[in-house]
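*Asks:* Those protein sequences? They're chains U and P, same order as listed.
So that you can map any letter, position 34 of the first sequence is 34 in this note's numbering, and since no number is skipped, the others follow by simple counting.
So that you can map any letter, position 107 of the second sequence is 107 in this note's numbering, and since no number is skipped, the others follow by simple counting.
Please keep in mind that the hints were generated in silico from the structure rather than gathered at the bench.
Mixed in with the good hints there might be a few duds.
[Stated by the list, open to error] Think about it this way: if two alpha-carbon atoms lie no more than 30 Å apart in a straight line, the pair counts; the simulated DSBU-like pairs of lysine-lysine are:
1. U:Lys272 <-> P:Lys100
2. U:Lys262 <-> P:Lys184
3. P:Lys140 <-> P:Lys184
4. P:Lys112 <-> U:Lys272
5. U:Lys299 <-> P:Lys140
6. U:Lys176 <-> P:Lys140
7. U:Lys13 <-> U:Lys152
8. P:Lys184 <-> P:Lys100
9. U:Lys176 <-> P:Lys112
10. U:Lys147 <-> U:Lys13
11. U:Lys299 <-> P:Lys112
12. U:Lys13 <-> U:Lys62
13. P:Lys140 <-> U:Lys278
14. P:Lys100 <-> U:Lys299
15. U:Lys262 <-> P:Lys176
16. U:Lys62 <-> U:Lys72
17. U:Lys262 <-> P:Lys202
18. P:Lys176 <-> U:Lys278
19. U:Lys272 <-> P:Lys140
[What the hints assert, rightly or not] Some chain P residues judged to face chain U by a derived CB distance under 10 Å, without partners named:
20. Phe115
21. Asp123
22. Gln126
23. Tyr139
24. Leu196
25. Leu205
26. Ile207
[Claimed, not checked] Covered, in the sense of this in silico footprint (three residues per stretch, anywhere, with C-beta under 8 Å from a C-beta of chain U), are these stretches of chain P:
27. 27-33
28. 101-112
Even for Gly, the Cβ is constructed at its ideal location relative to N, Cα and C.
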Amino acid sequence: MDTGPIANFDFIKILNEDRTYRLLFPVREVGMAILEIYEAIGNNLFEDKKFTEADLHLAFSKAHGVGERYPKEVYSAHIMDLQEYFLDYDQPSQKYFFKDYAFKFCEHAKATLIGAFNPTRIQNICSHLSKSLQAKETEEGLIFWLKEEFVKFEPDMREQVDFLDRQIANSIEQLKQRTLISQDNFIAVLIATDENLTLSQTHVKELRAAYSETKIIREVLNRKHTGIEETGLLIRDVNLFFRYCNDRLNSIDRKLDRIQPKVKQLFTSLNKPIFNAKVERFISHLLDNSVVEYGDTQKFMSLPAGVENPVLRYKAPSFTILSPDKELFPAKPNERKQYVQNKEAVRANTEKTLKVIKDADVARKWEDYILSEIQLKGRINLSEAFFTVAADTDPSLAVTVLFNTIRRVYKTPSLKLNTVKKLYTNLDYKDITLWKMEVIKIQ
Amino acid sequence: MENGSDKNSVADFLFDPDAEEFFAEIDYALKDGVHFQREGKQFRSYNFIASNEESLRLYYQKFFNVDLAFEGEGANTYFFLDFYGNDRGGIPGRHRHIMKSEHVLIGFIIYKMVFIDKEIDLDSVQRLKEKIRIDYEDYKPGLYRLIAKSKNTNPGNMNDNVLDANVQSALEEFRKIGWLTMEKDEFSLLPAFNRLVKIYEKHILTIDKTLNRLR
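When you get a sec, could you build the whole thing from the sequences and use the hints?
*Replies:* Here's what the structure looks like:
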């Protein structure tokens with residue numbers, strides 16, 4: 001799917017160009033005429049939903065106002081404009097019919113004003129979306145769902161929240177128009193408002209339940225997301241939209257929580273219109289007869305004579321808290337423990353380490369010597385070499401040399417170790433006995 | 001109970017199992033002018049006061065000479081310490097806090113907006129300020145003179161700014177004493193807000209006489 005043109009589309013700039021705005025959003029009389037035709041189509045007044053130019057002029061004249069001269073030539077120009085987005089002309093029948101934009105324009109306005117609350121529809125939409133999402137197996141399918149299917153229903157979901165908001169505002173608006181209502185029927189209005197608000201509260205609950213499927217949609221989306229950036233961004237938009245709906249429902253809920261107790265309070269204040277009038281006169285009294293006085297440093301307002309300021313609280317008690325100043329009395333630092341080095345142990349360990357290094361060095365030299373002897377003479381008596389090393393250094397170093405040499409012999413294909421089952425001893429080392437070992441250089 | 005009688009004793013509340021958790025905090029708050037109602041965070045404190053009402057009343061009467069009062073109807077009831085109705089009790093002057101006249105006036109205008117003009121969905125501090133400035137044309141000269149303390153009673157930036165700041169500080173004061181809740185731009189009046197009208201009830205009922213006398 002190619003997002004290029006949409007991504008680069010500058011909506012505002014295009015609207016500003018030429019007469020695009022006027023063509024999309026016609027002036028009142030023209031728009032009203034279009035809506036008039038839309039209603040007539042809805043009532044099946046036109047055959048095949050097609051209408052004549054005369055029908056259009058009739059609609060224009062209605063919108064223009066009765067009793068005024070109808071400037072037909074002006075409206076003929078409007079028809080031409082409307083053909084851009086609203087009207088299409090069918091030449092064979094010489095009749096006009098609505099383009100898709102005209103239907104959408106009117107439908108959206110009507111749906112917004114009717115504001116039918118329909119949580120069941122939302123529930124159906126959500127479960128439809130959820131099912132169709134779960135059926136998408138491929139990345140393309142998922143992107144199609146995000147870009148086409150979800151986007152199509154998004155306005156419907158948003159509209160329901162708007163509707164609830166408006167429903168509450170309307171209920172309250174009725175209350176405020178007290179000049180239009182007498183005291184007697186005000187009670188009726190108040191009861192109706194109270195009931196309406198309770199209804200709104202139920203609606204919020206129903207809508208919230210209807211949206212509950214969105215949780216599943218979110219889970220499925222997260223599961224299906226394979227880490228591709230474009231899909232990730234689209235999924236983020238869906239999540240943001242759900243959060244937006246949720247936030248708005250919460251805010252409507254809070255609003256209702258605040259308003260409802262006040263409506264109940266109004267029932268009590270109802271019985272006292274005379275008292276309320278007196279409160280208003282008292283406010284005027286405060287405004288007219290209070291004075292501004294001059295204090296030591298600033299001006300202050302004084303209530304009218306006889307009206308005292310309420311004493312509402314003690315000045316907050318201030319406790320004297322005794323605690324030493326940290327700057328003046330810093331906490332005593334913990335003594336730092338000094339560790340003394342045992343020089344003897346250090347020396348002994350150093351010596352030991354050096355000896356190990358030195359031994360390794362000596363052993364390496366002996367190994368090299370033995371191997372070079374083999375290279376030179378073609379063979380060597382390894383058992384004899386052992387006792388030579390032992391005599392020159394010590395038997396444990398000789399073991400290391402012997403072991404390493406055998407290892408190196410094994411790794412060198414041109415050398416071979418022969419072991420004869422015959423003991424080899426040395427008079428200087430009576431407690432050491434070896435097999436007779438010989439290394440031969442293979443030609 | 002003292003001497004086996006049914007009479008409430010001043011010390012009863014001390015034996016309430018919740019006393020340790022609630023009393024100190026409630027005591028500071030009451031003396032600080034807070035009104036307690038069945039509302040949000042105050043719910044449990046309200047219940048503590050309600051179940052120890054008599055004992056607490058005796059306590060405040062005996063030791064502080066102030067009245068633990070109870071007002072309101074139905075679900076909209078609230079408790080507070082009445083420093084006003086009892087000749088200001090034994091509270092020394094330096095411990096008294098008197099509500100500013102500016103706040104009294106702004107309080108009354110908010111009352112009129114919500115309970116007389118029924119702006120019950122008014123919940124934004126910003127909108128409240130705008131409404132006071134824009135919708136209450138008749139009050140404007142008085143508000144500019146008394147609150148902005150300005151000789152210029154025409155609308156202007158300076159006057160409006162001072163007015164807004166005073167509305168804000170009035171709301172802060174009302175929030176402290178439990179007359180309303182306020183969080184950022186959102187505010188909501190609590191049942192105890194009616195106290196303002198209760199305080200001036202006598203003056204309100206006799207306002208016509210007062211005005212006649214002034215004429």
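*Asks:* Confirm or reject each hint.
*Replies:* So, going through the hints one by one against the coordinates:
1. U:Lys272 <-> P:Lys100: holds (28 Å)
2. U:Lys262 <-> P:Lys184: With Cα atoms ~21 Å apart, lysine 262 (chain U) and lysine 184 (chain P) stay inside 30 Å; holds.
3. P:Lys140 <-> P:Lys184: The given pair, whose Cα atoms are some 26 Å apart, holds under the 30 Å limit.
4. P:Lys112 <-> U:Lys272: holds (13 Å)
5. U:Lys299 <-> P:Lys140: holds (19 Å)
6. U:Lys176 <-> P:Lys140: holds (22 Å)
7. U:Lys13 <-> U:Lys152: Since the Cα atoms of lysine 13 (chain U) and lysine 152 (chain U) sit roughly 25 Å apart, the hinted pair holds (cutoff 30 Å).
8. P:Lys184 <-> P:Lys100: Holds, at about 23 Å.
9. U:Lys176 <-> P:Lys112: At roughly 12 Å apart (the allowed maximum being 30 Å), lysine 112 (chain P) and lysine 176 (chain U) satisfy the hint.
10. U:Lys147 <-> U:Lys13: holds (24 Å)
11. U:Lys299 <-> P:Lys112: holds (26 Å)
12. U:Lys13 <-> U:Lys62: violated (34 Å)
13. P:Lys140 <-> U:Lys278: Judged against 30 Å, a Cα distance of about 20 Å means the pair holds.
14. P:Lys100 <-> U:Lys299: holds (12 Å)
15. U:Lys262 <-> P:Lys176: holds (21 Å)
16. U:Lys62 <-> U:Lys72: Holds. Lysine 62 (chain U) to lysine 72 (chain U) sits at ~12 Å (cutoff 30 Å).
17. U:Lys262 <-> P:Lys202: Distance of about 24 Å is within 30 Å: holds.
18. P:Lys176 <-> U:Lys278: holds (28 Å)
19. U:Lys272 <-> P:Lys140: Since the Cα atoms of lysine 272 (chain U) and lysine 140 (chain P) sit roughly 26 Å apart, the hinted pair holds (cutoff 30 Å).
20. Phe115: holds (5 Å)
21. Asp123: Since chain U brings a Cβ to about 6 Å from aspartate 123 (chain P), closer than 10 Å, the hint holds.
22. Gln126: Not OK, violated: glutamine 126 (chain P) not within 10 Å of chain U, min 16 Å.
23. Tyr139: holds (6 Å)
24. Leu196: holds (8 Å)
25. Leu205: Because about 7 Å separates leucine 205 (chain P) from the closest Cβ in chain U, which is inside the 10 Å limit, the hint holds.
26. Ile207: holds (5 Å)
27. 27-33: holds (count 4)
28. 101-112: Result for this restraint: holds, n = 8.
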